[in-house]
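Please model the complete structure; the sequences and the hints are all you need to start from.
Protein chains: 4
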Amino acid sequence: MKRVFILFALALTTLAAAAQGRIVTDTLYSKNLQAQQYCNVYLPEGYSVDRHYPVVYLLHGLSDDYQSWQKLGRMKDVADELIASGELLPVIIVMPNAGDQDIHNYQNGYFNMPGWPFEDWFFHEFLPAMEGKYNCGGSKGQRAIMGLSMGGGGSVVYCQRHPGLFSSCYAMSPWLDNKNHEVDTEHGPGSKLVNTQKSVCEHSALDFLARADEATVEQLKTVKWFIDCGDDDYLLHQTLQLYPLMRQRGIKAELRVRNGIHNWEYWHAAVRTALPFASRNFYE
Amino acid sequence: MKRVFILFALALTTLAAAAQGRIVTDTLYSKNLQAQQYCNVYLPEGYSVDRHYPVVYLLHGLSDDYQSWQKLGRMKDVADELIASGELLPVIIVMPNAGDQDIHNYQNGYFNMPGWPFEDWFFHEFLPAMEGKYNCGGSKGQRAIMGLSMGGGGSVVYCQRHPGLFSSCYAMSPWLDNKNHEVDTEHGPGSKLVNTQKSVCEHSALDFLARADEATVEQLKTVKWFIDCGDDDYLLHQTLQLYPLMRQRGIKAELRVRNGIHNWEYWHAAVRTALPFASRNFYE
Amino acid sequence: MKRVFILFALALTTLAAAAQGRIVTDTLYSKNLQAQQYCNVYLPEGYSVDRHYPVVYLLHGLSDDYQSWQKLGRMKDVADELIASGELLPVIIVMPNAGDQDIHNYQNGYFNMPGWPFEDWFFHEFLPAMEGKYNCGGSKGQRAIMGLSMGGGGSVVYCQRHPGLFSSCYAMSPWLDNKNHEVDTEHGPGSKLVNTQKSVCEHSALDFLARADEATVEQLKTVKWFIDCGDDDYLLHQTLQLYPLMRQRGIKAELRVRNGIHNWEYWHAAVRTALPFASRNFYE
Amino acid sequence: MKRVFILFALALTTLAAAAQGRIVTDTLYSKNLQAQQYCNVYLPEGYSVDRHYPVVYLLHGLSDDYQSWQKLGRMKDVADELIASGELLPVIIVMPNAGDQDIHNYQNGYFNMPGWPFEDWFFHEFLPAMEGKYNCGGSKGQRAIMGLSMGGGGSVVYCQRHPGLFSSCYAMSPWLDNKNHEVDTEHGPGSKLVNTQKSVCEHSALDFLARADEATVEQLKTVKWFIDCGDDDYLLHQTLQLYPLMRQRGIKAELRVRNGIHNWEYWHAAVRTALPFASRNFYE
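Residue numbers (our numbering), protein chains in the order written: chain A, 17 to 300; chain B, 17 to 300; chain C, 17 to 300; chain D, 17 to 300.
These are calculated hints, taken from the structure and not from any lab test.
All figures in this text were calculated on a predicted structure; none of them were measured in a lab.
Ideal Cβ placement from N, Cα and C applies to all residues, glycine included.
Honestly, I wouldn't trust all of these hints.
What the hints assert, rightly or not - Footprint (simulated), chain A over chain C, 3 or more residues, beta carbon under 8 Å: (1) 253-259; (2) 272-278.
What the hints assert, rightly or not - Derived DEER-like restraints, expressed as beta-carbon distance ranges: (3) A:222 <-> C:88: 34 to 42 Å; (4) A:263 <-> C:88: 21 to 29 Å; (5) B:154 <-> D:230: 57 to 65 Å; (6) A:217 <-> C:144: 52 to 60 Å.
In structure tokens form, the structure reads like this:
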């Protein structure tokens, strides 16, 4: 059988040569959330726990979960290619889950809400556990955050409230506020969706900026910001409010409006820009 | 429940407004192939059988089937977006299956081989049936072909052998020849893979061009050609042979070598270029 | 001397093969403007007055003149390449001069002002003369307009006021209003710059849209709109006002915000997108 | 005059905020070349001789001189924009002159030839002088080279012959060999063009690679290579020979073939890719 499938052997060799990270699914029980929290973690080719890596937190949207960035956004192929071309440093990419065990249900979002202290969990339990286990991050200069829609808003708000923790923030089609949308009154004040919408409203990135004092603005200037939203995205008006507010306050940000809607075509292209942006802004 | 989920309603409305084609799965029994042949067909938004459309044949690769362009290449989202932006005319996109019923097995390819007269079937049964049923194509000016890997080679060879039938040909990472690869001797002369490899060798696009007489070359000039292959693709050397041969014979072609390997990242980007290329080259 | 410079001969042959339009400078005396009006006209390779062409009006900015799109924006090389690749139909591109004879002075702009009835001249004298002489345009479907800065605003306002005349409008870094800028009081009410600023204020594209009645809005929907402005352009806030206004009124437009400032790097890239956009939207 | 030209003041402020490097013209007398050698040097915004910078050598083509990259390729605007966006480190860009004083005459090229020991001058006089004066380069990790046409070939050959000096090489539309072109016999063996052509032939990058022993190949692997040539460039065949040769010898390189010919549209786009490539491959 010595001469069998040489074409395929060649193919395999070549592909293997082209840098292959891998995705592992990890899990962490949280007493505070009362949930077994899953996450996906991208490990670059040649990953070794003995070496230190920068880290990117990559957040999903409202109707997605920790698997979506890979399943629907195929982030691994993008990251592999960018690392191979040198546009992305070898990096750990952590994809958390912003919901409880019932991952097919509506999500609970990135903020603290009744019975769901997610933001506390993220910063006090999840982030330290991940960075310890995978030997990554550990400081503002070695940590970036990005996400789409609800996760885009989450990225912005996390950097607004914790500017000392992230070197950069890349928001894709971000959901930044919920003021102009009426709230689900059917399911009552305890329903997940109502709570999620309410918490987005309470954590409005627009309000935060409007109210920020000078000291806060100075802190915000220490983060590199990038906002990227499709010209036919139904959330574009929020991006078009956020960016001028940031300029008015003297906070430099990149803005891109490309052709597109609120879908994975847009985010798949965006993550190709976002990862090199994070990479360029890491520092020791 | 009158004020429930307004955010989602808005989202739905917007998405619906952004042009939504659909994919139907069709099937055709072929006596000559002794197979029930499946295919996917993209129908643009507002499709009506009363209106005539140009047609694109979009061919899959060796280890894929008629579903791959949608499942792995998400061609519908790309086509929807390009039609919405006006870069692609409303078009029928036909994705045939180059294998027999056992679609999880190795494919049989696009050429005639013992017991598998695929090329005959394609031109004499399949193409007329599709164009009749969906009211599309019908002439060289209203018909284009494109594909990846084995389907990229298939596209080139179909246009070499039937230049009067296609206005344009877009080959992605094409498999154009099999001469330098030894053949599977294990599975014997009757195995599918051996036959597929042998038929690619016999239908070498490079040989065809080298042997073409002047009259043939004149015919080839009536097709618009585009070849697109990654710089780290293990088949790149074949593209780098084909293109200079075409130039030597005075056959104008577009060539692109972008960053990438033999994978869906490459082809997903390629089809975004390929569909507008086909569209620009349709004529009445 | 028979074997001299073969390398260069080869180069010349190849370049010649790559489609070469040319630019002619034309001139037209206007009694109403009391000026000899210059313009540049791009004629595609193989131009013949016996054949009819679509036409693009390409407008310069405040401190430029009719030569700037070629001298600083090298539009001929872009047009040649796009025609060769099939992304642009063979087209006439007319570059008018929005100033008087003293072309090194501040310009007078695209609107009627005291002693400078430019808009009247453009539509009643210039446009018919150009389209007659070069056998181009002649109808909405065969006519497009685009421009940068003051010429981007000019393009928008011309299409707002004459929606029946243009199939598409592409505004680059447009100057759409002058309300928030104080006016030059030094040079007095008769100075050129004061008049230009005042006329931009009076012809505010934002005001026009805010005041447009339903019938007007229906007319505006017959134009294909594209707005393209850099994220660090000092005029971006005007684009960010115009686009939501258009969406509110149901007027579909493309929006792009790319990386960049108010400079020729931006416009040189923009014209590469703008010409195919115009081309796709021509109709018989 | 306190309220005059506020619009323009705003514009100026914004533009100034967008990072402005500058170009200085420098001159160096060479006894060996018997020439006053001019060069252009790009200094990034905020340049200070007290700070150390990486250096890029940017080489012109046969019919150009040290001014062409700015005059025709507007490299300053590209570099300014890339530094502002963080894609390019603050860098010194040195543009030498590969001709004698009579810069309107045909150039003499990058190699040693009778009476014109340019390569010796470049490495022994020019490079040390520039890096000393501008406090840049000084080691392989802090030095890159790139160029177009004759300068693309020059970049490749310099890196082949001095692989220990450059971290990366980016060749645009490179002139890599002159074997298939007959030589100017009219002007005689002493003419500049004859000598330039002959020296390109003698310094064939293709021959160098074909003859390289294993130790040399190992050295070549320490350089990051990028080759970029238009699909309609009359020199493309040389690129299509070089790249497979490099792959055969196990020397990794990036290859891009984009739409285009041998012109400034191509090189202006290329330098936008080349500078970040050099930047990513600098190291301490």
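Here is how each hint holds up against the structure:
no., hint, result
1, 253-259, "holds (count 3)"
2, 272-278, "holds (count 4)"
3, A:222 <-> C:88: 34 to 42 Å, "39 Å, holds"
4, A:263 <-> C:88: 21 to 29 Å, "27 Å, holds"
5, B:154 <-> D:230: 57 to 65 Å, "60 Å, holds"
6, A:217 <-> C:144: 52 to 60 Å, "57 Å, holds"
In this structure, none of the earlier numbered hints is contradicted; all agree with it.
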